[in-house]
Each structure stands twice: as structure tokens, then as C-alpha cells.
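A.B. asks: Build out the structure end to end from the sequences listed, making use of the hints.
As they're listed, the protein sequences go chains A and B.
Position 32 of the first sequence, counted from 1, bears residue number 32 in the numbering used here, the numbering being contiguous throughout.
Position 349 of the second sequence, counted from 1, bears residue number 349 in the numbering used here, the numbering being contiguous throughout.
Calculated directly from the structure, the hints in this document are not laboratory data.
Check before you lean on any hint, since a few could be wrong.
What the hints assert, rightly or not - Computed footprint of chain B on chain A, listed as stretches where at least three residues anywhere in the stretch have a Cβ under 8 Å from a Cβ of chain B:
no., region
1, 2 to 16
2, 50 to 57
3, 80 to 94
As the list claims (entries may be wrong) - The calculated label-pair distances, taken between Cβ atoms and stated as ranges, are:
no., chain 1, residue 1, chain 2, residue 2, range
4, A, 156, B, 560, 55 to 65 Å
5, B, 475, A, 7, 36 to 46 Å
6, A, 150, B, 43, 33 to 43 Å
7, B, 433, A, 96, 53 to 63 Å
The beta-carbon is built from N, C-alpha and C at its ideal position, and this holds for glycine as well.
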Amino acid sequence: MLNRISGIFLKRHINIESLNVSKSEIEGVSKFTVVVFITEDWTRRIVAQIEKQIEVIKAFYHTDDETIYQESALFKIASHLLFDERRIQNIIKDSHAQIVTVSRDFFVLAKTGRREEIDEMYHRLEPFGIMQFVRSGRIAVSKAEMRISALLKEFEHK
Amino acid sequence: METLKAKNIKVKNQTPLKISGAEALIHCLLAEGVDLIYGYPGGAIMPVYDELYKFQDRLTHVLTRHEQGAVHAAQGYARVSGRVGVAVATSGPGATNLVTGIADAQIDSTPVVCITGQVTRHLLGSDAFQETDIIGISTPVTKWNYQITKASEIPEIMAKAFYIARSGRPGPVLIDITKNAQFDELEFEYAPCIAVRSYEPYPQPDPKAIEAAAALINEAKRPYIVFGQGVILGQAETQLKKLVEKAGIPAAWTILGLSALESDHPMNVGMVGMHGNYGPNLLTNTCDVLIAIGMRFDDRVTGDLNTYAKQAKIIHFEIDPAEINKNVKVDVAVLGNARESLELLLPKIRKNRHEAWHEEFREKYREEFETVIRNDIHPTKEGLTMGEVVEVINQATQSRAVLVTDVGQHQMITCRYARFSQTKSNITSGGLGTMGFALPAAIGAKMAAADREVVAIIGDGGYQMNIQELATIFQNQTAIKIVVLNNDHLGMVRQWQELFFEKRYASTVMTNPDFVKIAEGYHIRASRVVKREELKARVEEMIQSGEPYFLEVKVEKEDNVFPMIPSGASVSDIRLK
Numbered sequence: 001m002l003n004r005i006s007g008i009f010l011k012r013h014i015n016i017e018s019l020n021v022s023k024s025e026i027e028g029v030s031k032f033t034v035v036v037f038i039t040e041d042w043t044r045r046i047v048a049q050i051e052k053q054i055e056v057i058k059a060f061y062h063t064d065d066e067t068i069y070q071e072s073a074l075f076k077i078a079s080h081l082l083f084d085e086r087r088i089q090n091i092i093k094d095s096h097a098q099i100v101t102v103s104r105d106f107f108v109l110a111k112t113g114r115r116e117e118i119d120e121m122y123h124r125l126e127p128f129g130i131m132q133f134v135r136s137g138r139i140a141v142s143k144a145e146m147r148i149s150a151l152l153k154e155f156e157h158k
Numbered sequence: 001m002e003t004l005k006a007k008n009i010k011v012k013n014q015t016p017l018k019i020s021g022a023e024a025l026i027h028c029l030l031a032e033g034v035d036l037i038y039g040y041p042g043g044a045i046m047p048v049y050d051e052l053y054k055f056q057d058r059l060t061h062v063l064t065r066h067e068q069g070a071v072h073a074a075q076g077y078a079r080v081s082g083r084v085g086v087a088v089a090t091s092g093p094g095a096t097n098l099v100t101g102i103a104d105a106q107i108d109s110t111p112v113v114c115i116t117g118q119v120t121r122h123l124l125g126s127d128a129f130q131e132t133d134i135i136g137i138s139t140p141v142t143k144w145n146y147q148i149t150k151a152s153e154i155p156e157i158m159a160k161a162f163y164i165a166r167s168g169r170p171g172p173v174l175i176d177i178t179k180n181a182q183f184d185e186l187e188f189e190y191a192p193c194i195a196v197r198s199y200e201p202y203p204q205p206d207p208k209a210i211e212a213a214a215a216l217i218n219e220a221k222r223p224y225i226v227f228g229q230g231v232i233l234g235q236a237e238t239q240l241k242k243l244v245e246k247a248g249i250p251a252a253w254t255i256l257g258l259s260a261l262e263s264d265h266p267m268n269v270g271m272v273g274m275h276g277n278y279g280p281n282l283l284t285n286t287c288d289v290l291i292a293i294g295m296r297f298d299d300r301v302t303g304d305l306n307t308y309a310k311q312a313k314i315i316h317f318e319i320d321p322a323e324i325n326k327n328v329k330v331d332v333a334v335l336g337n338a339r340e341s342l343e344l345l346l347p348k349i350r351k352n353r354h355e356a357w358h359e360e361f362r363e364k365y366r367e368e369f370e371t372v373i374r375n376d377i378h379p380t381k382e383g384l385t386m387g388e389v390v391e392v393i394n395q396a397t398q399s400r401a402v403l404v405t406d407v408g409q410h411q412m413i414t415c416r417y418a419r420f421s422q423t424k425s426n427i428t429s430g431g432l433g434t435m436g437f438a439l440p441a442a443i444g445a446k447m448a449a450a451d452r453e454v455v456a457i458i459g460d461g462g463y464q465m466n467i468q469e470l471a472t473i474f475q476n477q478t479a480i481k482i483v484v485l486n487n488d489h490l491g492m493v494r495q496w497q498e499l500f501f502e503k504r505y506a507s508t509v510m511t512n513p514d515f516v517k518i519a520e521g522y523h524i525r526a527s528r529v530v531k532r533e534e535l536k537a538r539v540e541e542m543i544q545s546g547e548p549y550f551l552e553v554k555v556e557k558e559d560n561v562f563p564m565i566p567s568g569a570s571v572s573d574i575r576l577k
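C.D. replies: If you want it as C-alpha cells, here you go:
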């Protein structure tokens, strides 16, 4: 399924900015959240191609304003910096990041937020040295209703 | 991802039968009404072949000489019969050899179910002998595909495969079955699939859209219909004819729509597209309402989209929502099966004649006839033309034959000049343009319509891409008639080289073998025509022969197909020479 969906973007040379696949509120239904920067015209065509796939229940498209969205990131940083660099502690406070773990060698910061916030935190931490950085794909819920359960019921009754 | 469960109904209460997966597969095929399949055996599909051996009285397996031949034969069978074609192959190379045919079936909306063997479950991912990820490979070119790894999945998945292949906009489905699933036993119970969650094959036409379409058509002064294969797949031939007759609308066809409306129908104005007729292309940019029925505005039909029918209101009758506004922005889209939509439209359509508008098409036809057609079908020069061969075949078959073409100049010429009196009679590789399609597809076509004459018209290039299928023809005594129009070139590419690459004939000159001897080597009756005087008699001899027959016609080496819309040019820029 992932192959089928990503192929639709790939063959049109549309760069997938982020892709997240997870379970949804309905059992047996997965939710793909795909972020792309393309014209609305292309988006409509892509959505039609996605919906055409046999196992796709429904494809929607939204602009940023129409969704509530978040990304997560993890920063692995050398432990001594936590004690040597006062500014790091400020960054942690300012960015509302969480300290997930601290060990002798490293500590891990987790940050959830919008892409810009994570980027900003990255840029502030970068000068001190980041051992590892990873960011998740965007997850989002639409402000408008997504009538998936209703659609599934309609299918059942056909 | 979780597999969706097909919604099944139980046909009857039977006590479950404990049988092997391979046997279950055969029962599934029989339950779907399949009595003929094409294929090629190999290691990973052997349990299935063992069952085919046992069931040969009820299910005929035609051994082609290449898996590509099997899938094209299944396509030919499907296109002529309207039923689902089935092709079987082993894992690895067997499966990958199917891919071209699957892609062809996908782009030309042909209902085909391909069944491939796969290495046993525990060897998956180990780079085992003849293991290939055919699911991954075939994903972009299938309507649906699935790998069965447990015998118990077979009935439900096969039911779903057939349902998906044939319903809505048809297409190819590939089912990959691991060897353990073929050997293992299951309690067999079969129920046909009637629906799949999330799949809506037949959108209901919107009455408002029908109303809007009718209003545009009734108001139109120069309405123009372009129809495609959707008319044939949707069994809407009668409705199309009623529409063109009632509203007096000139109707042109795409090459896959060809034969949906008989050739001599007064409203049939010919072919659109790159090598289509002059009027139908030119007048696309003169009509005021363009009514597209079951066609998808392929680039070979539209040419440059920025100059395509810009003056016209466009109505699109289409079953696949993804085709709406894909290439051409339309004013009214009527989603739904062509037959159903046209049925709803017909009572709302006012009678009309549009005499003056028809006269414009006739005038353009006369112009095209003088410049192109006369020389093509009644040539006065010494060399034989492809067009005159097609014309002689028309006469010898009284336009009742199924014509199967390959890809290239002979294909365009055949589509331009062939005459048809019944639907599902023009079988060709349109969207994908697969050379090598015709010979095996003709085998399938003939097996689907044993009572009809099936003539494969092929170029010397494409013929050699699946020439091995002569053995299949010989072994099964499939009485198809093969006409190779031999110009010792890859003619269409050569034509482009002549027109756009200053006659640099890079790799388009073919030194060909003795095709007659080759056919005779396969014990197929064969002859060759090099002079005009011999043509008619040979073609008649071929048509009258009740057995397979091969005819090579040596045609002019450097003829071009005209009219022509150069690639990317506007339909208005169609050239007559």
C-alpha cells in the first residue's frame, strides 16, 4: 500500500516533504499523512489518483490553515554540555523541550511542535554540537469533519 | 497494512471440501466461468500445473512460447469476448515477462487476471532461486495485486481479483501465490465477490450533470462527439448510435473506440489523433460543444493541450473520476458507466440534423481523399502500399473480421482504412504502444471468437518481437490469418527520422529473414506477395483457408503515414503531406 501511494508522487516527480502512516481512530483503517508543496490543480489530480486505488477509502487535501499539525524531534547531545553550557539549559526552557533521558555520556531532548519551532531549536543547539538529530513526519488532524466511519457504513449498506 | 475483506455472499450451503491450494485455485477459475487460460509452467507454479493436468477436460490451458505471449493472448481474448482473460506464469523471470502485458492492460483498461507462482513462504526475501518481488514490480501497473502466502486465502482473494479486474474501469490484477500455499490444504468454499469496501466501480450519474449536458447539446450549433473504448467496455454502442442519430452529431473515434460504431454509419466521421482524419482533427477547433464519451484525452489524441478545443464547451462522459479534468478542463463532467449515462441523456436530447456542419466534415474528407487517401488505397505507383492491402482485406472479409494490429505505421494505416460492421473488432495496443502485441493477441482473439475471421496485421519489426508464438498457433491449429506488411524498416521511427532527424536512419533498417520459410518451418501455410496483381488472389486464398495462414506483403520501403500532427503540435496544425 505504501508502495502504491508513494509511487503516485514519485512518477510525477513530486517531492514528498513528509510522510506518516499510522493507525486511525477506526480499527483496521490506516491513516497516511503526506505533506507536499504543489499547486492546488496538481493536488486535485493526485488526490484523484490516490482515491482510485482499490483499498483507499478516501483521500482529502488541506492547506496548513485547515489542519492542526505537529512534528516531533529528538536531539542527542553530549552530557557534559548540560553542565558546562548554561545557554543549553535556557534553550531547553525556552523551547519547552523535554529531557527524556540523561546518562553519563549523553542526554536526549524531545521536542514536539511545528516545523519552524523545531528548526529554530536545532539552529540554537547546533553550535554546541548535536550528536544525533531525528525528526518525524508531520501528523495532522483536519479541523473539518472526516466522515470515514460514515463512508464505511455507506459501503456496508450498498 | 491490513487486507480488506471482500464482502461475500454464500451461493449455497456446501460441506467444505478439504483440498490443496492449487486445486482450490482451479475451482476458483471454474467458478468464475473461466474455461481457457494462457501460460507457461515453471518451478514455483508446478502444483497448479499438476492440477491443470487433472482438470484439462474442463479448463483448457494454452501453452504459449513466452510469458509475454500468454498475457497478450489473454488480453486479445478479453478484448474480443468482454470476459476476463487469464495468464499464468512461474516466479522470477516468468513473472517479470508478464509485466509488459500487464502495463498494456492497465493503460488500455483490459480485464486480465495474472497468476504467478512464488517461492515458498519461508524463502521470501532470501534471494531464492527464481525469487523476484513481483508485487513491488507490478504495483504501478496493476489495478490491484496481492501475494497469497496461506492456502486459506485463495478463494476470497481470487473472487476479489476477478471482481476488481472486470468491474468499473477494468484493468489487470496480479495474484502471486507462494508454493506452500499451493501445496497446503484448505477447506474450500467459494463465494463470488460482489463488493470491496472503499471501491466504488460504478459512480452514479448525477441528474444535474445529465441535465447540463443535455442543455449544452441541444443549444449547440456545431456539436461534435469523440468516443473511446469506454463505449465498448460500458456496452453503450446502441446508446451511442441512438445519440448520434437523434441529435445528428458527427462522431469520431480514438483507436480504442474504433468499431463501436460501424464504419459506414453516416455520422461516423473517422479517427482523431496524430494520424487521424483531417476533418475530425481540424474541426475539433471549430466545434462549439465537444462531447467526449469514454475517452481520456490522451496526448496522441489532443496534441498541444493549450490549443485543443479552447473555443468549445466540453462535456466528458467518464467512469473513472481520476480522468475528469486530468488533461483537459471540462465544463460538464458526467461520471458513470457510458451506457447508463447515455440512457439518461437520450430522452432529454432534441432531434437535430446539423446539415451544414456535416458538410464541413465531408468537405475536409474530400480534401484528405484527394491528397492522401486515394494514393493510399488506390495507388498508381509501382510499390505496394499498406493502405491498399487493408482495403483488399476489407473486401475479402466483407468488413466482418476482427483485426488485430501491432504498433507503428501498419497500425495507423489499418485503423484509418479498416472497415468494421460490429463492435469489439479492432484489437490493438493503444496506450502503451507495445510492439509484439498483435501475434499473441490474435491467438486470444480467435479463441474468443472461433466463428469469426481474425486477421493479424503486423509490421516486420513487431512481428519479430513475439514470432515464437507461431508455435502456439501451430500446436493449437489456431486459424488466424497473419499479414506481415514488410517494408524492411521500423517504419514509424524511420518516418520520424525522415521528417524530424534529417533522414538519419539510426537503427531502423532491418535485414529480415525469409518470413515465408520461417512460417513454413512452423508448418504454417505461407505465401508472399511482391506485386499488386497477386495481392487480391492471395488475400482471398488466405481468407478462404480454414487453417492458420501467413502472408507476407512486400510494401514500399519508405512510405509515410499522413495526415500527421507532429508531436506536441496543435490539432489545427495537422499536415496532409
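A.B. asks: Does each hint fit the structure? Answer for all of them.
C.D. replies: Hint by hint, here is what the structure shows:
1. 2 to 16: holds (count 5)
2. 50 to 57: The restraint on the region 50 to 57 of chain A holds, since 6 of its residues have a Cβ under 8 Å from chain B and three suffice.
3. 80 to 94: Result for this restraint: violated, n = 0.
4. A:156 <-> B:560: 55 to 65 Å: 58 Å, holds
5. B:475 <-> A:7: 36 to 46 Å: 39 Å, holds
6. A:150 <-> B:43: 33 to 43 Å: Violated, at about 49 Å.
7. B:433 <-> A:96: 53 to 63 Å: The hint (53 to 63 Å, Cβ to Cβ) holds, given that residue 433 of chain B and residue 96 of chain A are roughly 58 Å apart.
Going down the numbered hints, you'll see the structure goes against 3 and 6, while the others check out.
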